[in-house]
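There are 2 protein chains.
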Amino acid sequence: MFRTDTCGQLRMTDVDREVVLSGWVQRVRKMGGMTFIDLRDRYGITQLVFNQEVDAALCETANHIGREYVIQVKGVVKERYSKNANIPTGDIEIIVSELTILSTSDTPPFTIEDESDGGDDLRMQYRFLDLRRDCVRKNLELRHKLAFEVRRFLDSENFLEIETPILIKSTPEGARDFVVPSRMNPGEFYALPQSPQTFKQLLMVSGFDRYFQIAKCFRDEDLRADRQPEFTQIDCEMSFVEQEDVLNIFENMTKHVFKAIKGIEFEGNFPRMTWHDAMKYYGSDKPDIRFEMKFVELKDLTEGKNFVVFDSVPYVGGICAKGCAAYTRKQIDELTEFVKRPQVGAKGLVYVKCEEGGTYKSSVDKFYSQEDLKLWAERFDAQPGDLLLILAGETSKTRKALCELRLEMGNRLGLRDKNVFAPLWIIDFPLLEWDDETQRYYAMHHPFTSPKPEDIALLDSNPGAVRANAYDMVFNGVELGGGSIRIHDSALQDKMFEILGFTQEQAHYQFGFLMDAFKYGAPPHGGLAFGLDRFVSLLAGLDSIRDCIAFPKNNSGRDTMSGAPSIIDDAQLKELQIKLDLQA
Amino acid sequence: MFRTDTCGQLRMTDVDREVVLSGWVQRVRKMGGMTFIDLRDRYGITQLVFNQEVDAALCETANHIGREYVIQVKGVVKERYSKNANIPTGDIEIIVSELTILSTSDTPPFTIEDESDGGDDLRMQYRFLDLRRDCVRKNLELRHKLAFEVRRFLDSENFLEIETPILIKSTPEGARDFVVPSRMNPGEFYALPQSPQTFKQLLMVSGFDRYFQIAKCFRDEDLRADRQPEFTQIDCEMSFVEQEDVLNIFENMTKHVFKAIKGIEFEGNFPRMTWHDAMKYYGSDKPDIRFEMKFVELKDLTEGKNFVVFDSVPYVGGICAKGCAAYTRKQIDELTEFVKRPQVGAKGLVYVKCEEGGTYKSSVDKFYSQEDLKLWAERFDAQPGDLLLILAGETSKTRKALCELRLEMGNRLGLRDKNVFAPLWIIDFPLLEWDDETQRYYAMHHPFTSPKPEDIALLDSNPGAVRANAYDMVFNGVELGGGSIRIHDSALQDKMFEILGFTQEQAHYQFGFLMDAFKYGAPPHGGLAFGLDRFVSLLAGLDSIRDCIAFPKNNSGRDTMSGAPSIIDDAQLKELQIKLDLQA
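Chains as they are written, first to last, in this note's numbering: chain H, 16 to 599; chain F, 16 to 599.
Read the hints as simulated data drawn from the structure, not as lab findings. A couple of the hints might just be wrong.
Given that identical chains are not distinguished, each listed pair holds provided it fits within a single copy or across any two copies.
Said to hold, decoys possible - No farther apart than 20 Å at their CA atoms in a straight line, the calculated lysine to any residue pairs in the SDA-like style are these:
| id | residue 1 | residue 2 |
| --- | --- | --- |
| 1 | Lys-467 | Phe-17 |
| 2 | Lys-589 | Pro-201 |
| 3 | Lys-301 | Lys-433 |
| 4 | Lys-415 | Arg-431 |
| 5 | Lys-153 | Ser-171 |
| 6 | Lys-231 | Ser-210 |
| 7 | Lys-534 | Gln-41 |
| 8 | Lys-433 | Asp-558 |
| 9 | Lys-389 | Gly-516 |
| 10 | Lys-89 | Gly-47 |
| 11 | Lys-594 | Asp-584 |
| 12 | Lys-534 | Tyr-84 |
| 13 | Lys-594 | Pro-201 |
| 14 | Lys-534 | Gly-81 |
| 15 | Lys-534 | Gln-140 |
| 16 | Lys-594 | Met-199 |
| 17 | Lys-160 | Ser-171 |
| 18 | Lys-467 | Ser-118 |
| 19 | Lys-589 | Thr-186 |
| 20 | Lys-510 | Thr-119 |
| 21 | Lys-534 | Pro-123 |
| 22 | Lys-314 | Ser-384 |
| 23 | Lys-534 | Gly-133 |
| 24 | Lys-589 | Ala-599 |
| 25 | Lys-153 | Asn-173 |
| 26 | Lys-314 | Gln-67 |
These numbers were taken from a predicted model, which means no experiment stands behind them.
Given these sequences and hints, build the entire structure.
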């Protein structure tokens, strides 16, 4: 038996018990004739004591133990002389009588502490050591708990978890598929699923009524900080439901999770906002509503004053930064630099300071009188001491830039506390998005999303105006999940494919099995998928989903620890009947 | 709102309620002026009634509804005149006042009933319809419940579910890997995991202490009836444990699952048998111990009687079929044909009938006297009326054949009841298996399996005799799970690689990251993995794991419903920098 207790378990009530513990050596300290070792495992840290006077040989052995050795000790629990109130085991220590070294350790390439001295790359190469750090382990513990609570909730609501295949048919619409050559079917390939979308819809046709799956999904995209080639979805689908039913269930699921994991209870229903309002007031389909600072539009108030910058563009709008009228020239310049960064893309920034005496100071007061500026301020409902920040340009670009500026001001004003959680449903998404480059419509969500019944008539006359029965759940400016009511009618689905520019053959080749299924009695259905990685990141307050994944890939899709991907044998290629075709 | 209740929900206590139901039309019957529809969903079947006299138009619509249409009805719950005691809703029916057809259905290619008229291939092509059958749906419901109960148990035992990657480094030892070309790293490939083995060991090195994962695994093997290219494991690992700890936890998990799902409680501990005894008495490392019928060895009793068939071989052994002495010539011939089938491979079958008067009748009584046969019978502990069935030949081949014969007799005698569950631990596996063809040892489990400490000395002198700390859980002749205590010592692991014929370079290239990890304090650890598909099949009494997988592949690795695998675009191949190299 390697242990009677874990390193997080012993308390004053255990005093005088003989115990056996095993774990890792966090640190070794010598003080006078005593040696102290902090012994660590997943559950905590326990202090071990070796006394030179009592057993010099044992103490000598202990003195030669290094960091991260794995040891086993036998000893008696005693009350500590100087207690450590910071840890649950801080009242006791173990007077060690036997010591076994189970494994030695080379000196780790970085310190195994929350604030490690190891850089990102080094920690990724030695991920097995990085995972020993408390802060990293806690993220994975939270991930386990989240997944378990989600399952507990959905099970109690009669959802069945059903595994759908990982080796599926390639359907190139959407992002790039990862593909897998089939040895038994030479020249043919499986794809890895970007999501279980078609399978979950088939399960509805099969009558499973309520399905979910915590499912691995794959996208061969160029990776950004917040993307991984494989990621995990909480994928759900329900039959005989309308949008309202779906929103209710998953709002309740989310509340259950927050209660179980963070002890947070939300009052009342999550607020809802149309996609149109989200774009108008926040310039984003995932607004961070932990703080107000809505966009205010000024175009009508700015016209005809010979300020060509405003007169020549369709959109003038801004935000009101409460209490920032005292910003210095330097601070204003910083903000101007911020909006002019290529990622934000504004041409410049106009400000109006609302001063205490009811006067206004602005970068455009050559063109606009105090009365003009007063009208602006009134529209913002600005008070003396506030700062108006105004951008102008093409509508959707300017809104995006203003969104960035708003978030930046939120950061500067400390309005984006990671411990505050602001949920929001975005509803009434457009069904279609026009792409100028390819001169065609694309499905904003995917080709199976149902238009709102009252908008179906517009499909022919004004496809861009058709709203979808689609919805996203947003928290703190992050899209946590999204979904839609699906089309369950073959004829309407055919029409959608037509609008999306699929030929009948293409549609049949890619989605024929789903279309066939719809001919045999498809129930009305809809669903939603949450990004599990994002959900964990939100709850844990992480900046990157990478921090809640045990073995993530880097931006080149590489696992630097194991060395994946790697070259494979010629024999293997030959068996698969493929060869490399490397471009110089 | 599509429904107020499901089709399995309404009872006498609901009589006179107005309800809305939605579901599939199971069947339509006309009787006099009445039309009855059985409306089906996942939860049950409810009878709908349409009365020609009350609403002729509605009844007429109902009469034109076909099988598998999806409809919605509004009506009032009434007590039935002739009740159906076979279904929970059999006391009531719905007098329908409103009817909406939500989807029509073509005539299904086979009947949606437990005993369907559709063949295997047809049902696989229309799997979405096959899944509507009660018996198929129940398997997936059981699968959900099993996975959930496993998670509930392991969570309560402090196991953390941690996702390990699907895109990993290829390690060709073992079965064939599926590989995935990396677009971002041209010429390099990921592999899909055959199991999370190395990652779960890394997690132990990382201090996660207790890990599990219900994980998809992949093997590119030629498929047999009970193999799928992707399958699911309940994969577990623990630190600071000895074999006994692992057996205890997973025996308890199995008991929990049987209790929760089947209401079955096992008394006492699961029996244990050494691998050596399993081979000697059952000719298999996964004996079906629902019935006794152990092998009895006779070589010493048969020698020197001029029966060259027995004298020329190392092994003579048999089984005693209780009460089968009255088998006819035809029955004995059938058994002889059975053992001579190439899959079984025996040359012939010797029988001894133990007759009522204490005499013996045998196919070899030319060579053996009544006294000889009496000695045989005594060793079998045979009684008058029993039938001895004896095979002879090379030891391990003959044991395998005798195993098949034993199972066949178990079937014939009705001793293999699917509702009886006989658990068994097989322990003390050999560490290594000699392969005549390649003239080298292979790891019986995998290269990380720990030898028994007391056998380590034999590694140099007699590797074949070394026993492993490895164990399998067997139920009813099926290996449900298996695992081992792992090597956690770099030096011992190096030695194992050497014995297995790895060069240092090969070992380092394939498993370097695990070996590196072991240098930084590896805890003693061990684990086990269950085949989830097999576990479900066992509980559901299925003949093939395919029946508990929502969307299985056929023996060519093909999903005939969706058409995977399939050819992919040239552009896609080009992007991946590979090309086809089809052998004529």
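Cross-check of the supplied hints:
| no. | hint | in the structure |
| --- | --- | --- |
| 1 | Lys-467 to Phe-17 | between (63 Å within a copy, 17 Å between copies) |
| 2 | Lys-589 to Pro-201 | both (10 Å within a copy, 17 Å between copies) |
| 3 | Lys-301 to Lys-433 | within (16 Å within a copy, 54 Å between copies) |
| 4 | Lys-415 to Arg-431 | within (19 Å within a copy, 69 Å between copies) |
| 5 | Lys-153 to Ser-171 | between (27 Å within a copy, 18 Å between copies) |
| 6 | Lys-231 to Ser-210 | both (8 Å within a copy, 15 Å between copies) |
| 7 | Lys-534 to Gln-41 | between (64 Å within a copy, 16 Å between copies) |
| 8 | Lys-433 to Asp-558 | within (10 Å within a copy, 53 Å between copies) |
| 9 | Lys-389 to Gly-516 | neither (51 Å within a copy, 85 Å between copies) |
| 10 | Lys-89 to Gly-47 | neither (23 Å within a copy, 86 Å between copies) |
| 11 | Lys-594 to Asp-584 | both (11 Å within a copy, 16 Å between copies) |
| 12 | Lys-534 to Tyr-84 | between (64 Å within a copy, 10 Å between copies) |
| 13 | Lys-594 to Pro-201 | both (12 Å within a copy, 12 Å between copies) |
| 14 | Lys-534 to Gly-81 | between (69 Å within a copy, 13 Å between copies) |
| 15 | Lys-534 to Gln-140 | between (52 Å within a copy, 14 Å between copies) |
| 16 | Lys-594 to Met-199 | both (16 Å within a copy, 17 Å between copies) |
| 17 | Lys-160 to Ser-171 | both (16 Å within a copy, 11 Å between copies) |
| 18 | Lys-467 to Ser-118 | between (64 Å within a copy, 18 Å between copies) |
| 19 | Lys-589 to Thr-186 | between (26 Å within a copy, 17 Å between copies) |
| 20 | Lys-510 to Thr-119 | between (67 Å within a copy, 18 Å between copies) |
| 21 | Lys-534 to Pro-123 | between (62 Å within a copy, 9 Å between copies) |
| 22 | Lys-314 to Ser-384 | within (16 Å within a copy, 115 Å between copies) |
| 23 | Lys-534 to Gly-133 | between (59 Å within a copy, 18 Å between copies) |
| 24 | Lys-589 to Ala-599 | between (22 Å within a copy, 13 Å between copies) |
| 25 | Lys-153 to Asn-173 | between (30 Å within a copy, 14 Å between copies) |
| 26 | Lys-314 to Gln-67 | neither (82 Å within a copy, 67 Å between copies) |
In this structure, the earlier hints numbered 9, 10, 26 are contradicted, and the remaining ones agree with it.
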